[in-house]
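The numbering used here numbers the first residue of the sequence shown as 75 and each following residue consecutively.
Each hint should be verified, as a subset may be incorrect.
Claimed, not checked - With beta-carbon atoms standing in for the labels, derived distance ranges:
| hint | residue 1 | residue 2 | range |
| --- | --- | --- | --- |
| 1 | V214 | P264 | 26 to 36 Å |
| 2 | E331 | L230 | 12 to 22 Å |
| 3 | Y278 | L230 | 18 to 28 Å |
As the list claims (entries may be wrong) - 27 Å max Cα-Cα, derived DSS-like pairs, lysine-lysine:
| hint | residue 1 | residue 2 |
| --- | --- | --- |
| 4 | K219 | K251 |
| 5 | K102 | K170 |
| 6 | K251 | K220 |
| 7 | K206 | K259 |
| 8 | K259 | K220 |
These aren't lab readings, by the way, just hints derived from the structure by calculation.
Here the structure is a predicted model, which is why all the values come from computation and not from measurement.
Yeah, the Cβ is synthetic: ideal placement off N, Cα and C, and Gly gets one too.
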Amino acid sequence: MPIVRDPLDPKISMWHFLAFCMRFFREKMGLSLTQCGEIIGVARSTVSNLEAGRRRPQDDQMRLLDHAYGTGMLFQVLLWFARMAHDPDWARQIDKYEEEAVSIKTYHGQVVPLALQTDDYTWAYVKASRFKDLDAIMAVRIAKKKAYWEKGDSLLTWTVIDEGVLARPVGGVEVMKRQLEHLLKIAELPHVSLRVIPFSSGEYMGVDGSMQIIGLEDRDVAYSAAQNGGRLIESPREVRELSVMFDRIGVKAASEEASQEIIKRYLEHYE
75 MPIVRDPLDP KISMWHFLAF CMRFFREKMG LSLTQCGEII GVARSTVSNL
125 EAGRRRPQDD QMRLLDHAYG TGMLFQVLLW FARMAHDPDW ARQIDKYEEE
175 AVSIKTYHGQ VVPLALQTDD YTWAYVKASR FKDLDAIMAV RIAKKKAYWE
225 KGDSLLTWTV IDEGVLARPV GGVEVMKRQL EHLLKIAELP HVSLRVIPFS
275 SGEYMGVDGS MQIIGLEDRD VAYSAAQNGG RLIESPREVR ELSVMFDRIG
325 VKAASEEASQ EIIKRYLEHY E
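Use the sequences and the hints to build the structure in full.
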């Protein structure tokens, strides 16, 4: 006997509300998961994942549902609002995408991105945070770093940082020295590109905050950071805009070889 799953709580977020409506209208139309999948061109399992909130729908899928159900632009508008609204579950969703990623492009102008941090560097920022259970936060971040590098060369990494990241002695001289040594070691990996934007490059577009472009097998998603949180971006148009911004920031960066020389100069400073 098949397991009947309870629908999502539509009050949790707009994403849950959209998934709830997808299931509600499908069942109202008397359609199976397979039949719904035929309408939007996906497998039965994908429809199940969409209705369970494990996967996010796309514009063309919502257009096809609106046409099949005669709902005007209802599903397309719900998708738009879901993308624009605050998502309390965004952190878990990003973790899921990072697990599935084949490439990750990251820009940060203030700190070394988490995946490239030593544990001592990570701990310095955890101690400086507003969180209460510091040990729990540290454990989560260490686990994320471990999971990131366990993927090996199946995950391509492009990272761009500002020179100011190297100049700030996070955790003290010894911690920063080991961090720079760690960056140089990572930069030697064939599936990693690490570049530094030197002070001499002047102004560039990165002052608005850090960003991440997560490349999946079938599409890209993005994350734009902000104070006290950030926003997960799944709209293809917005992801393209952020990808262009990442490329324009990268134009200001030194080459991989020159970036390693910049890191070595700072390493001498911390000796």
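Hint check:
1. V214 - P264: 26 to 36 Å: 29 Å, holds
2. E331 - L230: 12 to 22 Å: Check passed, 19 Å falls within 12 to 22 Å.
3. Y278 - L230: 18 to 28 Å: Cβ of Y278 to Cβ of L230: about 23 Å, so the range 18 to 28 Å holds.
4. K219 - K251: It holds: about 20 Å lies between the C-alpha atoms, which stays within 27 Å.
5. K102 - K170: 31 Å, violated
6. K251 - K220: 21 Å, holds
7. K206 - K259: 33 Å, violated
8. K259 - K220: 16 Å, holds
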